[in-house]
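*Asks:* Please construct the entire structure, taking both the sequences and the accompanying hints into account.
These protein sequence lines map, in sequence, to chains A and B.
Take the first sequence: its position 142, counted from the start at 1, is 142 in our numbering, and no numbers get skipped.
To convert, take the position in the second sequence, counting from 1, and add 352; that gives our numbering.
By construction, these hints were calculated from the structure, which means they are not laboratory data.
You may find that some hints are simply not true.
[Stated by the list, open to error] Calculated lysine-lysine pairs in the PhoX-like style (CA-CA distance at most 25 Å, straight line):
1. Lys92(A) to Lys565(B)
2. Lys97(A) to Lys444(B)
3. Lys565(B) to Lys110(A)
4. Lys213(A) to Lys565(B)
5. Lys449(B) to Lys291(A)
6. Lys92(A) to Lys110(A)
[Claimed, not checked] Far from chain A, by Cβ distances over 10 Å, these chain B residues were calculated:
7. Leu366
8. Arg367
9. Ala383
10. Asp393
11. Asn443
12. Glu463
13. Leu494
14. Ile499
15. Asn532
16. Asp549
17. Arg639
18. Lys643
The C-beta atom is built at its ideal place from N, Cα and C for all residues, glycine as well.
Protein chains: 2
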Amino acid sequence: MIITDAWKEERPVLRGLDEAGSISMVQRGLALRKQIETILDDFWNEGFDGIWFIGIGGTYASCMQAAVFAKSRTAMPVYCENAAEFLTTGNKRFTDKAIVIFSSESGNTKEMVQLAECIKEKGARTLAFIDTPGSTLTQDGLCTHVIISRKNEQIKFFLCMSYLMYRNGDFAEYEDYWQNMEAYLPQALVQVEKESDAWARAYAEKKAEQLQKRPDLPHYFVAAGNQYGAAYSYGMCYWEEQLWIRTRVVSCPEFFHGMQEVIEKDTPVTLYIGEDEQRPLAERVARFLPKVCANYAIIDTKEFALEGIKPQYRQFISHLVMHAVNNRVDAYLEYYLRHPMTIRRYYRQFEY
Amino acid sequence: MIITDAWKEERPVLRGLDEAGSISMVQRGLALRKQIETILDDFWNEGFDGIWFIGIGGTYASCMQAAVFAKSRTAMPVYCENAAEFLTTGNKRFTDKAIVIFSSESGNTKEMVQLAECIKEKGARTLAFIDTPGSTLTQDGLCTHVIISRKNEQIKFFLCMSYLMYRNGDFAEYEDYWQNMEAYLPQALVQVEKESDAWARAYAEKKAEQLQKRPDLPHYFVAAGNQYGAAYSYGMCYWEEQLWIRTRVVSCPEFFHGMQEVIEKDTPVTLYIGEDEQRPLAERVARFLPKVCANYAIIDTKEFALEGIKPQYRQFISHLVMHAVNNRVDAYLEYYLRHPMTIRRYYRQFEY
Chain A
1 MIITDAWKEE RPVLRGLDEA GSISMVQRGL ALRKQIETIL DDFWNEGFDG IWFIGIGGTY
61 ASCMQAAVFA KSRTAMPVYC ENAAEFLTTG NKRFTDKAIV IFSSESGNTK EMVQLAECIK
121 EKGARTLAFI DTPGSTLTQD GLCTHVIISR KNEQIKFFLC MSYLMYRNGD FAEYEDYWQN
181 MEAYLPQALV QVEKESDAWA RAYAEKKAEQ LQKRPDLPHY FVAAGNQYGA AYSYGMCYWE
241 EQLWIRTRVV SCPEFFHGMQ EVIEKDTPVT LYIGEDEQRP LAERVARFLP KVCANYAIID
301 TKEFALEGIK PQYRQFISHL VMHAVNNRVD AYLEYYLRHP MTIRRYYRQF EY
Chain B
353 MIITDAWKEE RPVLRGLDEA GSISMVQRGL ALRKQIETIL DDFWNEGFDG IWFIGIGGTY
413 ASCMQAAVFA KSRTAMPVYC ENAAEFLTTG NKRFTDKAIV IFSSESGNTK EMVQLAECIK
473 EKGARTLAFI DTPGSTLTQD GLCTHVIISR KNEQIKFFLC MSYLMYRNGD FAEYEDYWQN
533 MEAYLPQALV QVEKESDAWA RAYAEKKAEQ LQKRPDLPHY FVAAGNQYGA AYSYGMCYWE
593 EQLWIRTRVV SCPEFFHGMQ EVIEKDTPVT LYIGEDEQRP LAERVARFLP KVCANYAIID
653 TKEFALEGIK PQYRQFISHL VMHAVNNRVD AYLEYYLRHP MTIRRYYRQF EY
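*Replies:* Put into structure tokens, the structure is as follows:
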């Protein structure tokens with residue numbers, strides 16, 4: 001690069017670690033607790049016949065995480081649906097006694113606006129988390145309940161699910177759990193960003209080099225349990241959408257039923273190991289990988305201190321830990337690839 | 353290639369169209385109807401509180417197809433679970449009143465054997481479709497009900513689901529539907545193989561050429577509705593597992609929430625358009641693709657005659673039509689790639 005003196009101070013973007021910003025962001029999510037409880041108390045008192053998490057793209061992935069948490073712990077009917085599929089195929093189990101929980105960052109995502117209209121028409125209740133004030137989905141009367149607050153989608157969903165389970169007698173530790181989170185989670189996640197920063201830099205630099213050599217090769221993400229939704233969203237909404245890197249995300253059990261055959265020595269694979277009930281499924285992949293691959297990375301949430309978080313609660317935040325690590329990976333990828341994560345080739349660029 | 357005279361008669365494998373074999377295979381599947389009805393009548397009379405389709409890999413994909421068919425048509429609780437996830441996370445809605453339906457070709461798939469043991473322990477009923485006589489899963493007492501019969505997994509599951517829906521008053525056309533299938537389906541599917549043969553040859557030849565030029569580039573499969581499970585299984589169990597070709601399968605709605613950004617002019621994409629309620633989701637992809645990609649293929653089941661099949665039933669067999677097309681694609685890929693589809697790099701080659 002040859003740069004004349006007048007421009008030599010210009011630098012590519014490298015997002016540093018914003019400690020205060022990260023902490024206050026997570027605190028803001030946790031602070032929604034009372035507001036959420038009040039709404040859900042109403043739902044509880046009125047009664048309901050199903051809890052429906054519905055999303056599209058990244059928000060659908062967050063629905064998966066709420067659903068997998070609930071599955072082993074409550075017999076309440078919890079549904080995880082893709083908005084576009086719900087709008088076409090529908091679901092005959094859906095009634096006007098349903099409660100729908102969803103999230104939208106822009107507040108005007110096509111499918112989610114249609115969904116809100118569809119739910120309204122069916123006469124069911126909606127708790128919508130919207131990041132953007134003044135957007136379509138915040139309009140009066142479209143959703144029965146709206147909470148406007150930026151970020152923390154996973155915490156919001158988890159607050160909802162865990163509170164309904166608490167009311168149903170399925171999550172007795174609710175108060176203690178959230179008090180523990182309020183006291184330690186914001187700081188613990190920032191600490192993860194710090195602890196993983198150097199690793200993330202090396203990982204991103206290596207990735208950028210590999211993309212120079214073999215730009216066509218997809219990157220494989222393998223994960224299970226609450227990490228699966230996290231990897232699904234990370235591979236698709238961050239690497240594909242925001243960084244234009246090819247990916248293929250697979251769940252740990254499915255990895256062994258087809259996908260494994262395309263893994264060779266140089267195939268880039270990142271395995272996420274979390275701490276919930278599906279951890280053994282990820283450990284099986286970790287034992288297999290070294291035998292056939294020399295280009296894999298493993299992020300095991302167990303390796304992070306998470307100071308103050310009670311051991312029995314670590315499993316519930318594995319996906320948040322992974323998200324913190326990936327925050328740093330993203331910052332360095334954006335830098336090494338000189339690819340601003342805000343740009344899109346096609347998304348919302350023209351009608352389709 | 354230089355070949356001495358003694359060996360010049362040796363030829364690579366090119367599987368021709370086995371008309372009689374294909375017809376009798378489908379007939380064999382359809383002929384299971386009475387046997388299945390008898391078992392399900394018992395289940396019906398004894399009562400049940402949930403219908404659980406559980407699978408892994410390709411059989412999990414077939415579960416998805418049964419579930420998406422049921423979703424819009426019945427309010428009975430139908431579950432679609434991955435066996436390994438069920439074995440670790442579990443599901444608190446599962447009780448001893450559940451009925452479990454699954455399939456296994458080998459009859460000894462690790463996860464499915466563990467699943468059968470787990471179901472047995474929980475005291476629930478199982479209808480297991482096993483392809484291989486004498487295999488572990490056919491052993492006395494492991495599953496409450498076993499039907500040994502090769503192939504036709506999707507027809508078997510669909511027979512089960514549609515009969516239970518019929519008994520529940522959700523599929524009044526049951527008798528007429530299956531009579532229509534018995535009369536015309538086997539021949540109609542063979543006809544699809546014939547009609548698509550030349551197309552499949554050209555498609556496979558082009559794919560083989562592209563793999564020479566850009567071997568790292570994944571092939572993208574996009575599908576919705578009952579075609580999604582079909583594409584999921586095809587991309588993973590056929591191309592990845594049996595042909596060692598990189599793939600990335602995405603559902604039509606999710607295509608627009610991230611994945612679309614990595615599509616460029618030369619990216620290979622195959623879109624499956626079926627005829628069920630989610631057809632509009634696939635049509636949206638078909639309208640988008642030509643704007644950004646010059647290397648896509650579309651298989652639209654609507655283009656096939658399916659002689660004798662009543663128009664209103666076409667939607668239920670879109671995934672079978674696609675399977676017939678892909679039978680021919682596979683035969684030619686095996687030939688052009690000189691890759692016998694029976695070989696595996698790792699699967700069942702060593703302990704992992």
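*Asks:* Decide if the proposed pair is consistent with the structure: Lys565(B) and Lys110(A), CA atoms, cutoff 25 Å inclusive.
*Replies:* Roughly 39 Å between the alpha carbons, so the hint for Lys565(B) and Lys110(A) is violated.
*Asks:* Non-interface claim for Ile499(B): all C-beta distances to chain A beyond 10 Å?
*Replies:* holds (22 Å)
*Asks:* A cut-off of 10 Å on Cβ-Cβ distance, and Ala383(B) was said to be off the interface with chain A. Does that hold?
*Replies:* It holds; Ala383(B) is separated from chain A by about 29 Å at its closest Cβ, greater than 10 Å.
*Asks:* Has the given pair, Lys92(A) with Lys565(B), been kept, meaning a C-alpha gap of at most 25 Å?
*Replies:* Judged against 25 Å, a Cα distance of about 48 Å means the pair is violated.
*Asks:* Within a Cα-Cα threshold of 25 Å, do Lys449(B) and Lys291(A) meet the stated pairing?
*Replies:* This hinted pair is violated, its Cα atoms lying about 43 Å apart.
*Asks:* Does the alpha-carbon distance linking Lys92(A) and Lys110(A) stay inside the 25 Å limit?
*Replies:* holds (23 Å)
*Asks:* Non-interface claim for Leu494(B): all C-beta distances to chain A beyond 10 Å?
*Replies:* Since the minimum Cβ distance to chain A is about 21 Å, Leu494(B) lies beyond 10 Å and the statement holds.
*Asks:* Taking the minimum C-beta separation from Arg367(B) to chain A, is that value above 10 Å?
*Replies:* About 20 Å separates Arg367(B) from the closest Cβ of chain A, which puts it past 10 Å; holds.
*Asks:* In terms of Cβ atoms, is chain A entirely out of 10 Å range of Leu366(B)?
*Replies:* Check passes; 22 Å lies beyond 10 Å.
*Asks:* Examine each Cβ of chain A, and state whether all of them lie more than 10 Å from the Cβ of Arg639(B).
*Replies:* violated (6 Å)
*Asks:* Would the non-interface assignment of Lys643(B) survive a Cβ cutoff of 10 Å against chain A?
*Replies:* violated (7 Å)
*Asks:* Was Asp393(B) rightly flagged as not at the interface, with every chain A Cβ beyond 10 Å?
*Replies:* Label holds. Min Cβ-Cβ 23 Å, cutoff 10 Å.
In this structure, the hints that do not hold are numbers 1, 3, 5, 11, 12, 17, 18, in rising order.
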